[in-house]
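Engineer: Starting from the structure of chain A, add chain B where the hints point.
The listed protein sequences correspond, in order, to chains A and B.
The first sequence: position 375 = 375 (the working numbering), numbered continuously.
Numbering-wise, the working numbering comes out as the position in the second sequence, counting from 1, plus 451.
Bear in mind the hints are in silico, worked out from the structure with no lab data behind them.
Built from N, CA and C at the ideal position, the CB exists for glycine as well.
If we take Cβ atoms under 8 Å as the criterion, some of the chain A residues that face chain B in the derived model are:
1) Gly203
2) Asn228
3) Gln309
Where chain B lies over chain A, by a calculated footprint (3+ residues, C-beta under 8 Å):
4) 214-220
5) 382-394
2 protein chains.
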Amino acid sequence: MTNPVQRAIAAHEQRFLAELIEACRIPSVSGDAQALQTMADWTLARLQRLGAQTALWPTTDGPPVVWAEIGAGPRSLTSYSHYDVQPADPLELWHSPAFEPTVRDGKLFARGVADDKGDLLSRIHAVEIYQALYGDLPLRFKFFVEGEEEVGSPHLAPVAAAHADSIRADGCLWESGGFDSQERYTLYLGVKGIQYVELSARGATSDLHSAYGAIAPNPAWRLVQALNTLKAPDDTILIDDFAAHVRPITPLEEAYLDRIPFEGEAMKARWGIPAFINDIANRQALQRFLYAPTCTICGLRAGFIEEGQKTVLPSLATVKLDFRLVPDLTPELVLRLLREHLDRRGYQDIHIRPMSALAPSRAHPEAAIVQAVTASVAAVYGHDPVIYPSHGGSGPLYALGEGLGVDAVTVGVGYPGVNMHAPNENIRLADYFKQIEFLVDLFRRFGTAAA
Amino acid sequence: MTNPVQRAIAAHEQRFLAELIEACRIPSVSGDAQALQTMADWTLARLQRLGAQTALWPTTDGPPVVWAEIGAGPRSLTSYSHYDVQPADPLELWHSPAFEPTVRDGKLFARGVADDKGDLLSRIHAVEIYQALYGDLPLRFKFFVEGEEEVGSPHLAPVAAAHADSIRADGCLWESGGFDSQERYTLYLGVKGIQYVELSARGATSDLHSAYGAIAPNPAWRLVQALNTLKAPDDTILIDDFAAHVRPITPLEEAYLDRIPFEGEAMKARWGIPAFINDIANRQALQRFLYAPTCTICGLRAGFIEEGQKTVLPSLATVKLDFRLVPDLTPELVLRLLREHLDRRGYQDIHIRPMSALAPSRAHPEAAIVQAVTASVAAVYGHDPVIYPSHGGSGPLYALGEGLGVDAVTVGVGYPGVNMHAPNENIRLADYFKQIEFLVDLFRRFGTAAA
Chain A
1 MTNPVQRAIA AHEQRFLAEL IEACRIPSVS GDAQALQTMA DWTLARLQRL
51 GAQTALWPTT DGPPVVWAEI GAGPRSLTSY SHYDVQPADP LELWHSPAFE
101 PTVRDGKLFA RGVADDKGDL LSRIHAVEIY QALYGDLPLR FKFFVEGEEE
151 VGSPHLAPVA AAHADSIRAD GCLWESGGFD SQERYTLYLG VKGIQYVELS
201 ARGATSDLHS AYGAIAPNPA WRLVQALNTL KAPDDTILID DFAAHVRPIT
251 PLEEAYLDRI PFEGEAMKAR WGIPAFINDI ANRQALQRFL YAPTCTICGL
301 RAGFIEEGQK TVLPSLATVK LDFRLVPDLT PELVLRLLRE HLDRRGYQDI
351 HIRPMSALAP SRAHPEAAIV QAVTASVAAV YGHDPVIYPS HGGSGPLYAL
401 GEGLGVDAVT VGVGYPGVNM HAPNENIRLA DYFKQIEFLV DLFRRFGTAA
451 A
Chain B
452 MTNPVQRAIA AHEQRFLAEL IEACRIPSVS GDAQALQTMA DWTLARLQRL
502 GAQTALWPTT DGPPVVWAEI GAGPRSLTSY SHYDVQPADP LELWHSPAFE
552 PTVRDGKLFA RGVADDKGDL LSRIHAVEIY QALYGDLPLR FKFFVEGEEE
602 VGSPHLAPVA AAHADSIRAD GCLWESGGFD SQERYTLYLG VKGIQYVELS
652 ARGATSDLHS AYGAIAPNPA WRLVQALNTL KAPDDTILID DFAAHVRPIT
702 PLEEAYLDRI PFEGEAMKAR WGIPAFINDI ANRQALQRFL YAPTCTICGL
752 RAGFIEEGQK TVLPSLATVK LDFRLVPDLT PELVLRLLRE HLDRRGYQDI
802 HIRPMSALAP SRAHPEAAIV QAVTASVAAV YGHDPVIYPS HGGSGPLYAL
852 GEGLGVDAVT VGVGYPGVNM HAPNENIRLA DYFKQIEFLV DLFRRFGTAA
902 A
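Same shape as in the complex, but just chain A (with noise of 0.2 Å):
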C-alpha cells in the first residue's frame, strides 16, 4: 500500500542516494577552507537546479552562507542547515572511511551523513518531489546553510542581522531531528543559551610557600568564597535579579512535559548516581532539565593540581562557568548581573572572562508551523510526535528563531544510532526517504493552511 508521494520517492530513490553521496563525498571539516569552499559551491549549484534564487553571503573570515528561496504563497518557511562536518578522526576506528560513503544493512555510513548534509538534501530532494507531483511549492521555502555551525557558528548571528528581512519567515525548520530510542518521532521547540565564563581570583605575583597561609591573601579561597555566593547548597542560583528573569512556565509547557517520557531511572542508572539534585523526581528533573537556567562549574583550578603534595600558596585560582539561559536571560544580561553581584559584595578583584555565547530561543508551543509539523508527524509517520517544548542543550537557534520572531523547531533524520561527531556517522536510508514525504506533507499543510 504506497500513496503517490512514496510512489515518486520510490522513482527517484537510487539518484537521491546519489547525490547524498556526491555530497558526502566532499570532506567539507572545519578548518579546511577549501574544502568548505568546494562544498559551498555544490550546494549553491544544487539549490540553482532546483530552480530556486540564491545569494552566497559572505562571512569576515570564514566559509560563506549558501541561501536560497524557492516558491510561493501566502507563508514562509526557513530552513537552517550546514554543510561543514566534524573532523573523521579517530580514522581507525571507521568501517569504511568517513568521505567513501558507504551502504550497509540499509544505513549510510559517512561524516557528515547526519550532521547535516542528509538534513539539507532530504528538504532539496522533498521541494523536488513536490514540484513533480503538484507543480510549484505553494509556500516561500528559504534554504539558509551555514558552515561554520561545527565550530560554534560565528558569524551566524551578525549574518542574520544583516539579512533579517531575508530570512524571516513563518517559521523554521531548525536541524538535528529525528526518531528517540522508542522510534517516536521527536520535535524540540527550543534550545537553552549558553554564556561561559571564566572567573580568576590573583593573589602574590608567584606561588609562595604555603607556610606564608597565615598572611599572604590566597587567590584560591577568594574564588571558593566568590563562587558560594553565585549558588545555594539547594542548588538555587543565588545572582541578584537572575530569577525575575525567567520566563514562567505555562500550563501548555506543563502539559507538554507530562507527556514526555523521560527515563530518569535509566538516566541515573547510567551514570551511577543514586538521585537527581536534591533528590528531585522524575518529572521535576525533566522540568529543570528544560527550563531551569543553570550555572555550572565546569573546571576549577589553582596551585598544585597533580597526584601526591605540595606546599604551596596558589597565585592564581581560575574556575570555568556554563550558565544555561532560558528566556529572558540573555548572555549580555548575564554578565551584567554576575559583575553587579559580585561587585556588590566586594569582588570587585575577581576577573570576568566572557567565552561562548547563545541567547535562548523557544517556539510558542502552539504556533502555526508547531501544529503544522504535529500534524504531519502524526499523517505521515502514523504517531504523535513527542514535543519537547525547549532542549537542555543550547543552540543557535536564537538568531533564525525568537530573535526574528520566528518560531523554529528541529525535524531531520536521525536517530539514537547515527553516531554523531563519532566514528562510523550513519542515517537509517528509510528514515531519509520517509523524511521527504514528511516534507513534501508538511508543505502543502502549512503553505496552504489559512495563514
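Structural biologist: Chain B only, in chain A's frame:
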C-alpha cells in the same frame, strides 16, 4: 686578640675543614640506599673516634638513625641533625660539582654542607675542642643523626618513641640555625605542625555534558560548599572546636615578638601584594605567621583545567589543604575535628585523604637551654640573638622536642645565602668555626650551671 678556644680551633682548622669536605664528598642523597649507608657508617665511625658510646637504630625500610652519647654530668643535651641531603639537580647550575666540595671566597660549596653536614660536624668538632681544652664534657651530649629528613622523616616519631628514655634530655639543639639577613644570630624555639589532606567529592561515574548541570550533582559545587564551611572570608577557621585547642600566646612570647625585626613592607613588595590578609599591620602579621593555625588551599582541581572552554560537568573535584598547626592542635585531632565538622553538616560524602602530618612543638621561652643558648650567643657572637618563639614553617621537632617534654632550640652554621635545596649550597667558613666556639661555650655554660 684571641682566646684559648679560638686558638685551639685555629690549630685544628685545616683538619676540621678536611673532615667536613670528606663528609660532603659522600653523595648521601635521599633514596640512594648505598650512599646513605656509607654516610651512616662514616658518621658512626667518626662518633666512635670521638670516644662516644654509639648505636645504629634501624628503621623498618629506611636508613638507620646514628646514635651516640658522650660526656657526664648532671645535665644532658640532645643534638638533632641528619646525614641525608637533597638531590643536586639541576647539576648545570653548580659552579663546582655538588659532591666535589670547593672553597671559594671564604665559603665551602657542596651539596649538604649547610643542610645538614655542617651542623653535625661543627658539633663533633666542638666536643673535640672542649675535650682538648678542658677534658671530659661536663654534660651528657647525645647525637641523634637521622637519614630521612629530606623525605619528611617518616620514621622519626616511632624511633624517638622506641628510644624515648635514651633521647630525653634537659634540652635539645635542633638543626638549621644561624644568621639572618642583618647578620643577627637567630634562634627558633619551635615550629608549627602540619596536617596535609586531600578532600574529594564525587558525582557521576564519568564526566557528563554540562547541559545536565540542571539535574546531575556537581562535585565541584559540592566541594566549594563544603570548603566554605571551613573558613570565613575574614580568614577565621570555622571548624567546630578548632580554635579552642589553640594555646594562647603568653605575655613573654608577645615580648619576644615585639623585639623581632619583621620586614613586612619588604615582604609585601616582594610578593606583589598591597596588603596582608585583612590588611593587618606588620606586628599582627608577624604574630599570625608564628602563632596562627592555617587552613590553606594548596591546590584545587575539577573538570576541564586547560586553556579555552569545554562544556563538561566534572565527575570528581579535589582540593589539597594544608593545615599548619600550633600547640595544642595535633594532626590526629585536626583530622577528627574536620571529619566531625563535615559530617555534622551533611558532608559525609566528602572523602578525606590524610597526607603529611607533623605535630607542632614549642620550647618554653624561659627554658634553661634557651637561657644558656641566649647567653652563649651574646658571649661569643657579641650580640643578643633574635629569638623567634616559634617558626611559621613546620618540621619534625616534636618527636625530640615537646613530644618528649624537651625544650629545643635551633642553632647552626647557616646564613641567608646558603642556597638551601638549591644549586651552589654553601656555608661561610668563618661561621663554621664561630659555631664551634659558641658550642664550646654552651657546653660549659649549660653543663656546669646549677641543675
